[in-house]
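Heads up: the sequence lines are chains A and B, in that order.
In terms of my numbering, the first sequence has 38 at position 38, counting the first letter as 1, and numbering is strictly consecutive.
Count along the second sequence starting at 1, add 109, and that's the number in my numbering.
Quick caveat, the hints were computed from the structure, so don't treat them as lab data.
Think of the CB as a built atom: it goes at the ideal place given N, C-alpha and C, for glycine as much as any other residue.
Treat the hints with care, since some could be wrong.
Computed spacing ranges between beta-carbons, pair by pair [stated by the list, open to error]:
id: 1; chain 1: A; residue 1: 4; chain 2: B; residue 2: 159; range: 56 to 62 angstroms
id: 2; chain 1: B; residue 1: 229; chain 2: A; residue 2: 1; range: 48 to 54 angstroms
id: 3; chain 1: B; residue 1: 154; chain 2: A; residue 2: 77; range: 36 to 42 angstroms
id: 4; chain 1: A; residue 1: 2; chain 2: B; residue 2: 146; range: 42 to 48 angstroms
id: 5; chain 1: A; residue 1: 4; chain 2: B; residue 2: 232; range: 42 to 48 angstroms
id: 6; chain 1: B; residue 1: 181; chain 2: A; residue 2: 95; range: 41 to 47 angstroms
Given next are the chains, with one letter for each unit.
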Amino acid sequence: MKLKEIADKLGLESLTPVPDHEVEGVYISDMISDVIANAKAGNLLVTVQVHANAIAAANLVDLCAIIVAQGKRPADDVLKMAAKARIAVFSTALNRWQVATKLYEAGLR
Amino acid sequence: MNQEAAPRYELANVTPGFVIIEKEMNTRATRAYFSAESVPPKESYREGTGVWHFAEAAQSFQFSVRDNLNGEVTRFDEVLGLLYYGCLEPGSPLYQIGEIAHAVGVSLYVAIAYESAEGKPLELAAAKMTMLNRAFNDRLRTRGKKVLIVPDLFGLYRQVSHGQLMLDFGLTDLPSESESGKAKSAKEKTR
Numbered sequence: 001m002k003l004k005e006i007a008d009k010l011g012l013e014s015l016t017p018v019p020d021h022e023v024e025g026v027y028i029s030d031m032i033s034d035v036i037a038n039a040k041a042g043n044l045l046v047t048v049q050v051h052a053n054a055i056a057a058a059n060l061v062d063l064c065a066i067i068v069a070q071g072k073r074p075a076d077d078v079l080k081m082a083a084k085a086r087i088a089v090f091s092t093a094l095n096r097w098q099v100a101t102k103l104y105e106a107g108l109r
Numbered sequence: 110m111n112q113e114a115a116p117r118y119e120l121a122n123v124t125p126g127f128v129i130i131e132k133e134m135n136t137r138a139t140r141a142y143f144s145a146e147s148v149p150p151k152e153s154y155r156e157g158t159g160v161w162h163f164a165e166a167a168q169s170f171q172f173s174v175r176d177n178l179n180g181e182v183t184r185f186d187e188v189l190g191l192l193y194y195g196c197l198e199p200g201s202p203l204y205q206i207g208e209i210a211h212a213v214g215v216s217l218y219v220a221i222a223y224e225s226a227e228g229k230p231l232e233l234a235a236a237k238m239t240m241l242n243r244a245f246n247d248r249l250r251t252r253g254k255k256v257l258i259v260p261d262l263f264g265l266y267r268q269v270s271h272g273q274l275m276l277d278f279g280l281t282d283l284p285s286e287s288e289s290g291k292a293k294s295a296k297e298k299t300r
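Work the whole structure out from these sequences, hints included.
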């Protein structure tokens with residue numbers, strides 16, 4: 001499923017340009033070390049983490065996008081870093097559980 | 110069936126734990142070590158003439174890299190964390206090198222090592238750096254994307270804060286609801 005399709009289905013607010021990436025699975029974590037150790041390339045990360053290190057980790061393991069839950073928003077410099085790395089960042093007021101449920105309903109496994 | 114080939118190198122024996130930062134009372138020296146205990150050790154202790162006190166802890170992990178060609182497993186206990194060039198000061202030489210690399214699709218990271226008892230960073234041999242680069246590059250799927258992890262030839266281990274390393278230092282200090290609210294109102298005003 002394409003990122004844009006997911007963003008539309010979940011009503012996500014895009015904070016960066018959205019590349020035409022195919023999403024290959026979901027990883028939910030707020031721990032940078034956990035993301036580096038266990039997330040897979042092409043995964044969509046659901047987190048409340050807004051630190052620049054989240055982008056650095058996402059770039060290292062080739063995640064396609066980050067959904068920041070619970071209405072959190074990364075700072076502008078962090079978003080700039082994400083855009084440069086071609087990692088889409090979305091914001092939503094939903095919590096992580098709600099996001100996970102909606103992603104499942106949308107057909108992501 | 111389209112089955113992906115297994116990568117030559119991959120992370121193995123991932124052990125969750127903590128990076129513990131401790132400080133020595135008299136000399137004010139600081140050092141870090143990895144603890145695989147389930148609770149970060151916080152007891153002070155005497156070593157020679159020094160007394161070391163717990164200062165800070167961050168969740169982290171230790172790992173090995175397995176060569177799937179021969180089954181050989183190499184430990185990377187020296188690695189404290191990785192530093193992304195984008196987290197450095199934009200004017201710094203390494204940031205500028207990172208920008209040049211970025212322009213050709215290469216993301217630059219520096220492997221920061223733990224310090225030895227003599228206060229020098231543990232050495233990451235060239236062969237291990239090659240293996241580390243292979244392990245992370247073998248995970249990538251985006252066409253044309255590359256990661257370059259270089260050893261800390263720049264003495265960054267003394268210059269960077271732990272918050273700049275890709276560890277979980279201070280990352281649980283999320284902005285409060287009121288701060289998030291402020292950011293939201295500021296954004297709404299700009300619309």
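Cβ-Cβ distance between residue 154 of chain B and residue 77 of chain A: within 36 to 42 angstroms? Holds - the Cβ-Cβ distance for residue 154 of chain B and residue 77 of chain A, about 40 angstroms, lies within 36 to 42 angstroms.
State, for the Cβ atoms of residue 4 of chain A and residue 159 of chain B, whether the hinted interval 56 to 62 angstroms holds or is violated. Given about 58 angstroms between the Cβ atoms, the range holds.
Verify the CB-CB distance for residue 229 of chain B and residue 1 of chain A against the hinted window 48 to 54 angstroms. 49 angstroms Cβ-Cβ, so the 48 to 54 angstroms window holds.
Falls inside 42 to 48 angstroms, the C-beta gap from residue 2 of chain A to residue 146 of chain B? For residue 146 of chain B against residue 2 of chain A, whose Cβ atoms are near 44 angstroms apart, the range 42 to 48 angstroms holds.
Can the suggested window of 41 to 47 angstroms be confirmed for the beta-carbon pair residue 181 of chain B and residue 95 of chain A? The hinted range 41 to 47 angstroms holds for residue 181 of chain B and residue 95 of chain A, with Cβ atoms some 44 angstroms apart.
Whether the CB-CB distance between residue 4 of chain A and residue 232 of chain B falls inside 42 to 48 angstroms: The hint (42 to 48 angstroms, Cβ to Cβ) holds, given that residue 4 of chain A and residue 232 of chain B are roughly 47 angstroms apart.
In terms of the numbered hints stated before, the structure departs from none.
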